[in-house]
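Residue numbers (my numbering), protein chains in the order written: chain A, 1 to 726; chain B, 1 to 225; chain C, 1 to 96; chain D, 1 to 96.
Don't read these hints as lab results, they were simulated from the structure. Note that the structure is a prediction, hence the values are computed from the model and not measured. Ideal Cβ positions, reconstructed from N, Cα and C, are used throughout, including at glycine. Watch out, some of these pointers could steer you wrong.
[As the list claims (entries may be wrong)] Below 25 Å or equal to it, Euclidean Cα-Cα: the simulated DSS-like pairs (lysine-lysine) are:
1. D:Lys28 <-> C:Lys28
2. D:Lys27 <-> B:Lys105
3. A:Lys326 <-> B:Lys23
4. B:Lys23 <-> A:Lys442
5. B:Lys169 <-> A:Lys714
[Stated by the list, open to error] Not close to chain C: a few residues of chain D, all C-beta gaps over 12 Å, as computed:
6. Asp29
7. Ile61
8. Ile87
9. Lys95
[Stated by the list, open to error] Examples of chain C residues lying across from chain A (beta carbon under 8 Å, computed):
10. Pro33
11. Leu45
12. Met47
13. Glu89
14. Ile93
15. Ser94
16. Ile96
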Amino acid sequence: MEINNEIIEKHGLKKDEFSSIKKLLKRDPNLLELGIFSAMWNEHCSYKSSRKHLKTLPTKGDQVIQGPGENAGVIDIGDNDAIIFKIESHNHPSFIEPYQGAATGVGGILRDVFTMGARPIALLNSIHFGSPEHYKTKSLLNGVVAGIGGYGNCIGIPTVAGETKFNKTYNENILVNAMAVGHAQKDKIFYSKAKGLNKSVVYVGSKTGRDGIHGASMASAEFDENSEEKKPTVQVGDPFTEKLLMEACLELMKDDSIISIQDMGAAGLTSSSVEMASKGELGIELDLDKVPCREENMTPYEMMLSESQERMLIILEDGKEERAKKIFDKWDLDFVIIGKTTSTKKLILKYNNRIECEIPISALSTKAPVYDRKWVKKKLPKNKVDFKSLTKVKIEDALIKILSSPNHSNKNWITNQFDQMVMCDTAQKSGADAAIIRIHGKNKAIAVSVDSSANYCKSYPIRGGKQIVCENWRNLISVGAKPLAITNCLNFGNPENQEIMGEFAECLIGIKESCEFLNYPVVSGNVSFYNGTNNKNIFPTPVIGGVGLILDLKNKLSHQFKKNNSTIILIGKTFGHLEQSAFYEEIYSLTEGEPPEINLNNEKNNGTCVLELVKNKLVNSIHDVSSGGLIVALAEMAIGSEYGIKIYKPKKLSNLYQYFFGEDQSRYILEIDKKNLEKTEKILKDNNVFYEIIGLTQKDFFEVDGELKIDTKKLYNLNNKWYNNY
Amino acid sequence: MNSSVIIFPGSNCDRDIAVALEKMQFKNQMVWHKDTKLPKSDLIVIPGGFSYGDYLRSGAIAGKSLIINEVIKAANDGCLILGICNGFQILTETGLLKGALLRNKNLKFINKNVNIKVINNKSNFTNKYKANQILDINIAHNEGNYFTNKDHLKKLIQENLIAFKYCDKNGNINDDNNPNGSIENIAGIFNEKKNILGMMPHPERMVDNMISNSDGINLFSSLMN
Amino acid sequence: MKLTSVKLLLLNLKKNKLKFSVTVTLKKDVLDPQGKVVQNTLKNLGMRDLSNVRQGKYFEIDLSIDDQDKAEKKVDEMCKKLLANLIIEDYKISKI
Amino acid sequence: MKLTSVKLLLLNLKKNKLKFSVTVTLKKDVLDPQGKVVQNTLKNLGMRDLSNVRQGKYFEIDLSIDDQDKAEKKVDEMCKKLLANLIIEDYKISKI
Ligand SMILES: Nc1ncnc2c1ncn2[C@@H]1O[C@H](COP(=O)(O)OP(=O)(O)O)[C@@H](O)[C@H]1O
Ligand SMILES: [Mg+2]
């Protein structure tokens, strides 16, 4: 077949990219080679627009065993225990086919984690939908939730936390990000770097079909009306087979048979083989006649670009083939030696005894294009909302409206569809600031949370980037965990648009600043560009997934009030910042102005001090103050407990709306036993932490002195009803 | 007591039940579904999960496996058999327990803690519970909607073969506290000889106060009794 | 008298009831994990001459419309809107 | 020469392949929650003339047997042994 302009374009390659390909090959590529280049050079695999910016992120620390660049990041939690985790997007497939898109998203991220030798112990997700009124939202929502549950429940890994948001910016481009967390022995971690010549390259798992061909390119193209035509590229997930694959791999990993291992994710066989060879600075030669195929007459092109799920590539130590095959036979999985490592530093593919492809590995990896895309700084919002000009609402009504809004309502109707208890180590399920997972057979645990703030990032990317890291850090601290490291999923619009690229660059500046200051490094992540339709881009939506450590599970904390008549302390300063707040958005549909500023010094100091209080067992419950402000946070502490609160009138801020709904950062609410108050105050003072005593817990009623008094059961009902009426 | 836990491809509560059994001092062995021989056991547990991906009908394919013939033999010899969740589904598919488990009435997977009432505490599985004791226990299933024909239902009631029923925290049994649409709010049943118990809720998830509560412990200590 | 009225009712019911069956199957190249597992199991049960199994969904739909053309169009609409996921599935309607 | 051999192969394949469809449906007295939900959803989508929906399973089974009677018996056996749970389900076999 002749490679003409149309074919090149269909492969998502720009003209100058095609010229570079010819230069690197010193000839014209054939169709198979073109397909391989297109898969490896697209945004999804090459990070060509983002790489330059990603390099600026802090990735090191004493706790880091492996930063970005491997299948997932690895951190040290002591006693030879390592935690391996990563987050990944499956936005485009999920918009086209929500159930399968979300399910295969979960499947993919799980492979990234168990490929490194970890047994997955928790799943999380961050899902963003369009406005609830939009005609597609309901079925997308139901499909995505069912798909996430369908995969995780079946494979038997608890889905323990996440976030669910609605905003019209996602009407035509939803976000589905899945995060997996695994546990491994620190001295038993597997990497993807190939080593040694003439080693067997083994294909294991499901057979290869025609599904998902060019999925990776699809994930890097904007939608338009013709997206429907791209539909057959959606893959179907088979969690049952993945469970077998996981068990088989973990069984094989018990000894030292494996030199390197890599899951077949985006761009399937192509990217897995190239990545292994590239990291090992070797060549790789595959005999495509041997690839297990599901359909008849599959071409090399289809085999190399198929994104069939539940497959892995392994490079085996000499002489281990038989033992390895036995294990895969036991689990009824394909196990075929399809090639070997070579010294050629080339990717060579044979089919029917003919060489069908010969490409230098470096042309596909290190020499893939990197762009320094132009970007412009965000024009920051100048207007402040004139509060006085707004029609007045009652505080009670505003509180009720926020608590019963789609974004703030309780997400039980989602999380009840996820098995959160399987593996019997879930010490705290979703519904809390962070979930807590015990390390199996031990007394310690990790805490996990995912967070994003698209509104903040849209109006002020640097500040938004800073804020999401801090919010995530706070959520971990709120359950008594020491935050260790993060993964991030960067969901943005079209990077060829300078403003979008600016949002990307500036969000990263913010993320970097917080991560550096808090010693909270980035160990893995994923970039998803081209989220948008017909030139309408989504709000910049970086998502942070954090992992923290609880040394003694007995010290875990949750946000529900525990006792009657305990003292409620607010840590951190309240300035009354209302711009970009849930209050303005939900009550007045106002989204103008800047998000609140963060003082990283206070952030760190407040968080560290809270952990100190926890360590001294002075705290009954904690909640961070986030979307909705102080009063919403307090209501969340009351909901689901037997207690309410009596809040004193604030002494300083005269504007109650600012006081109750302001979203000033770095704040926590603590419930303290009266007998512990003195000791608590001393520690706070010694550490120069600003705090106020704001009220007392009481039985049954949520009360603000002279303003409102609501039965907490009523609050519970309000907070839980949205979906039932949807 | 010797126990065996059968592992099918797709079982995923096998480790959980093994941990619970060991904690309760059972001498436990894991048995792979391709094995043709069962180790000597006083108790055989078929664990929860998604054997064969729940494809076709949950439990259907595991119900045709080689090892199941051995389980049936053991059951006929009076060995105690406990099927939890998918294990319950498998037991109905093999015919060891009558009836069937249909899709939950809301067609959604349900994972939450529910209350169940001990209806019959005179069995090897429940003798440590008080009559009508209310337990707080976790369920996690897609197909837990127990169905059986009128004659069998009558028999279940008359011969006291219902082990547990879904209820509210005060023990009321009605539609509002029936999570999945089960006939008569049934959460678990015995066979005629009461040496087989099938239940949808997960007692093995309720043996550790650090994680949940200890309402499942008495099921295991009953077996030890 | 009682009998005739029942008969009449039945007649009416019949008249106003058109029944269709819909089968929804996965498109040819789409992975069918269920079918695969069922096929393996059948083979293990000794069915050696089995060469392929695909699994799909089946619906029986009763409509209270007289006009068959109209009815069929309705069923087609149901398939497109809900019963089939056209991205990965095909469907077929038959009158029964 | 090559072409003819391919043709021959195809012919053989055709000859040895019988295709059956099996539908498995819940017995009348068994509650069909799936059908109910589908029915409600369709009604909510505005399908007012809908009077009933029942949902079942559908299988396409290829056999490499020549003899149709034998083949049908095989399929019947498959249904009894695996595809249908006769406590709650009925099945129907057709040649396609
Ligand atoms: N899709 C989801 N999957 C799992 N848990 C979810 C999901 N959406 C929300 N949650 C849970 O709901 C709770 C509230 O979420 P969110 O408001 O984002 O919490 P926070 O403000 O503390 O970050 C959290 O415990 C979160 O884990
Ligand atoms: Mg929080």
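Okay, the hints, checked on the actual structure:
With a C-alpha separation of about 32 Å, the suggested pairing of Lys28 (chain D) with Lys28 (chain C) is violated against the 25 Å cut-off. Our distance criterion of 25 Å between C-alpha atoms is met by Lys27 (chain D) and Lys105 (chain B), whose separation comes to about 17 Å. With a C-alpha separation of about 32 Å, the suggested pair Lys326 (chain A) and Lys23 (chain B) falls outside the 25 Å cut-off, and the hint is violated. Restraint check for Lys23 (chain B) and Lys442 (chain A): satisfied, since their Cα atoms lie roughly 14 Å apart, inside the 25 Å limit.
Distance restraint check for Lys169 (chain B) and Lys714 (chain A): the Cα-Cα separation of roughly 19 Å lies within the 25 Å cut-off, and the hinted pair is therefore satisfied. For Asp29 (chain D), the shortest C-beta to C-beta distance to chain C comes to about 16 Å, beyond the 12 Å cut-off, and the non-interface label holds. Non-interface call for Ile61 (chain D) relative to chain C: violated, since the shortest CB-CB distance, roughly 5 Å, does not exceed 12 Å. Its beta-carbon lying about 19 Å from the closest one in chain C, Ile87 (chain D) satisfies the requirement of being farther than 12 Å from that chain.
Listed as a non-interface residue, Lys95 (chain D) keeps its Cβ farther than 12 Å from every Cβ of chain C; the least gap is roughly 14 Å. The restraint placing Pro33 (chain C) at the interface with chain A holds, with a minimum CB-CB distance near 4 Å, inside the 8 Å limit. For the restraint placing Leu45 (chain C) at the interface with chain A, the shortest Cβ-Cβ distance is roughly 16 Å, beyond the 8 Å limit, so the hint is violated. Here the hint on Met47 (chain C) is broken, as its CB sits about 17 Å from the closest CB of chain A, past 8 Å.
Checking Glu89 (chain C) against chain A by beta carbon gives a least distance of about 10 Å; that is not within 8 Å, so the hint is violated. Violation of the interface hint for Ile93 (chain C) is found here, the shortest Cβ-Cβ separation to chain A being roughly 21 Å, above the 8 Å cut-off. About 26 Å separates the beta-carbon of Ser94 (chain C) from the nearest beta-carbon of chain A, more than 8 Å, and the hint is not met. Against a cut-off of 8 Å between C-beta atoms, the interface hint on Ile96 (chain C) is violated, since the closest Cβ of chain A lies about 29 Å away.
Checked against the numbered hints given earlier, the structure breaks hints 1, 3, 7, 11, 12, 13, 14, 15 and 16 and satisfies all the rest.
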